[in-house]
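Q: Here is how the chains run, residue by residue.
Protein chains: 2
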Amino acid sequence: MARVLTPQAEDFPRWYQDVLAKAELAENGPVRGTMVIRPYGYALWERMQSEVDDRIKAAGARNAYFPLFIPESYLKREAQHVEGFSPELAVVTIGGGKELEEPVVVRPTSETIINASFAKWVQSYRDLPMLINQWANVVRWEMRPRLLLRTTEFLWQEGHTAHATEQDARDYAIRILRDVYEDFMVDVLALPVVVGRKTARERFAGATNTMTLELMTGDGKALQMGTSHELGQNFARAFDINFLTPSGEREFAWQTSWGSSTRMVGGLIMAHGDDAGLRVPPRLAPTQVAIIVVKAEATEAAARLSDELSSEGIRVELDDRADVPFGRRAVDWELKGVPVRVEIGPRDLAGGTAMLVRRIAGGKEPVAVDALADLLPAVLEEDQALLLRQSRERRESRTADVATVGEAVEAVGAGGWARLPWAALGAEGEAGLAEQSLTVRCLVAEDGSVPDDEDAPGNVAVVARAY
Amino acid sequence: MARVLTPQAEDFPRWYQDVLAKAELAENGPVRGTMVIRPYGYALWERMQSEVDDRIKAAGARNAYFPLFIPESYLKREAQHVEGFSPELAVVTIGGGKELEEPVVVRPTSETIINASFAKWVQSYRDLPMLINQWANVVRWEMRPRLLLRTTEFLWQEGHTAHATEQDARDYAIRILRDVYEDFMVDVLALPVVVGRKTARERFAGATNTMTLELMTGDGKALQMGTSHELGQNFARAFDINFLTPSGEREFAWQTSWGSSTRMVGGLIMAHGDDAGLRVPPRLAPTQVAIIVVKAEATEAAARLSDELSSEGIRVELDDRADVPFGRRAVDWELKGVPVRVEIGPRDLAGGTAMLVRRIAGGKEPVAVDALADLLPAVLEEDQALLLRQSRERRESRTADVATVGEAVEAVGAGGWARLPWAALGAEGEAGLAEQSLTVRCLVAEDGSVPDDEDAPGNVAVVARAY
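From first to last, the protein sequence lines stand for chains X and E. Under this note's numbering, the residues of the first sequence are numbered 1341 to 1807, in order. Under this note's numbering, the residues of the second sequence are numbered 1341 to 1807, in order.
Chain X extracted, bound-state conformation (with noise of 0.2 Å):
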């Protein structure tokens, strides 16, 4: 068979690039760093929007839509923020065929408009906590783009928060950590994400803390899969966000932003991809189960089965393109990363068997067809296990414990994670490994919690070479 893809071992990044053409994820469009998100990309995007959107509901969270533009004011009332954001900016001077008197930014990010209303809509601890999620389109000009991971824009849900109390927002930035993206990530995505804190270095732009969930992808290196932070009352006090407290007195809100984005499809595919194509966690899969007609004769037979496998609530996809050579489409869906494939042929038909094809465990054993409906939940629960069994067992087996700086950067540069006490490595070694282009990831404590201080001793912080 004619090679598909690159091989990971032979060039990762050409791999991931092929991957995301000929699977039909993704691909660039006309203006430099923006991208097509191609239907089948989509459908996964889709399909964990609906598993996030579920876990913020339940941690309480409205959602709700601001606008694209922001008055450049605004940007500019919060120091850290403007000056995190002002390289990355695109700017709307024309409107309606005419200058405009104040240009208008496209938001980046979302904290500075929200917190204008959230200013008008917080008045006293009875609208306290208020709790907001936003799904939108958001512009960072990239000039180094790289398709999923890093675009000019991108596709995020955004979260903003405003609590009465410091240890209110604390514990809301961390249960939205858990609760919401670790608990999807690892139960639905099944990716093992390390959850910890960043460095001050490494902080969100306005944050007085931000957490992070890290993933190992298959060439080693780490990716940052989403983020909640802490913005203590930095914001409340540039936009004025005061509530009355019980005893009324005027006091500054608490508050919390938080997000994850499309990139998470890019990790999904940097993780569980293999030289074949994607392989993706059956609880995501948009198609958990294809079945494949081999020749026209048994597309009635398929189509029962279909029928049957979907009543019992399996995400199926039927496909009868027998004209369409057996071969091509085999690829296909292995390229696709379906887990499960049913072939249906003539001669299966006789016998009442079709074949069973696991992308994830692997292998391709004959089965009654009458026994599909019992065997497949078991079958798509086993290969999601084996997912992030996988992936953990790579994380661990290429994550180094070390003491020193040295062997650190030694154990990044063999194609992993390193992690080395905090103690010994500092904001000073930190800004050393930067002009390698090696970052500290996050901090994680003894216990394996997000630290509370990133000078707690004990931390450990990860270092590797990021996406």
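Please note that a few of the clues may not be correct.
Note: identical chains are not told apart, hence a pair may lie in one copy or across any two.
Said to hold, decoys possible - In silico DSS-like links for lysine-lysine, alpha-carbon gap of 30 Å or less:
1) K1397 to K1362
2) K1416 to K1438
3) K1460 to K1362
4) K1397 to K1635
The set of hints was computed from the structure by calculation and includes no laboratory data. Quick caveat, the model's predicted, so the values are computed rather than measured.
Starting from the known structure of chain X, fit chain E onto it as the hints suggest.
A: Using the frame of chain X, we list chain E on its own:
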């Protein structure tokens, strides 16, 4: 009770603004013409999205995402299209801190950028029909913005398709019009839209035929709720979307596009609202039943009822804010137009009853709590039908069949619609109406179908003042 809203009869536009504010649906953003969609307004939109999306998928289209930014040169490729949209464009001239070599336009609609992708994706007749839909924000600089009806930025879905034949494209445009939009608007929104064909004057920029769904608002004006266009081969020629036919020739594809937007939320309010606020059709309502705890003692019983109704598939919200005055909460639920309120107080509890308050049919009566799960589905369906009947009766009673242009002007002046033979009006008469800000909303055939031809005998013009 203090007056909460300006009465409709006193000042309808003011009533509309009041409802948006008091029911916490939407408000102005800081950049002129932009809007903030608040959580309750957004919940209505989410329910619309879900219902429309299901129908679009049933019609075979798949969702995808295309860039917000379009090279200015793309817009110029189709002559009528650029002429139609030029005055409304927002243009980004600065990106990443630098002046851009080619300015980029913020999409006013995505025909051009999607068709640039179609040119790559469509090669053979086997690739057709290509059926794509996108949920996105678009920007059209608005000089006279009105929240949810006409704003500089709005949210919508836009479908774009390519077909092998003109007939196939036409059939699909009509299928979307009828099976997606009309079915949704009539069946879920309870809005008796008139479905017809736009005149050449009112056609979409670049289309060969625009079909529309027109709603009569509470003040007898017209609101365009959705459109479905045949684009002929106009964009296919401009973007070179051609395919190999089975007989080996190259032909340009035939195309459609179609859209519906957050304007539907505005239409819903304007058609079903009354002096007490919004009235939401039960099939759409994010909350169909609000269970209101009158005093804290009833909380447990109310929560039990809430669980029971939820498990029956009813969308319930429990209002257990016993510390907020009951009257204020009742007004709030009324403003928000939640179809049914179930009020439970301590006295009701003793008798095992609750007060059932119906927002749409009106009335208030005690019912046995145990009977509610059985009773409510029928109540909700009755209210759904009632809303549709009321809207239909209004449209019928306020539409005059007339014979002359003068009579049409008079009828519209009296606060309604006029139907007159298109032959008695014609393009010239239409231009005359425009001077009085009246428009032909659409043409309908004698048998109620959408005319294939603007000048088919028997075509009737629906004339109104539009929002």
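Q: State whether the alpha carbon distance between K1460 and K1362 is at most 30 Å within one copy, between copies, both, or neither.
A: Only across copies: K1460 and K1362 sit 14 Å apart there, 49 Å inside one copy, limit 30 Å.
Q: Under a CA distance limit of 30 Å, which applies to K1416 and K1438: within one copy, between copies, both, or neither?
A: Both, since 24 Å and 18 Å are each at most 30 Å.
Q: Please sort K1397 with K1635 into within, between, both or neither, judging by C-alpha distance up to 30 Å.
A: Between copies, since 27 Å is at most 30 Å while 46 Å is not.
Q: Check K1397 against K1362 for me: Cα-Cα at most 30 Å, and say if that holds within a copy, between copies, both or neither.
A: between (35 Å within a copy, 24 Å between copies)
Figure legend: structure checked against the earlier numbered hints; every hint is met.
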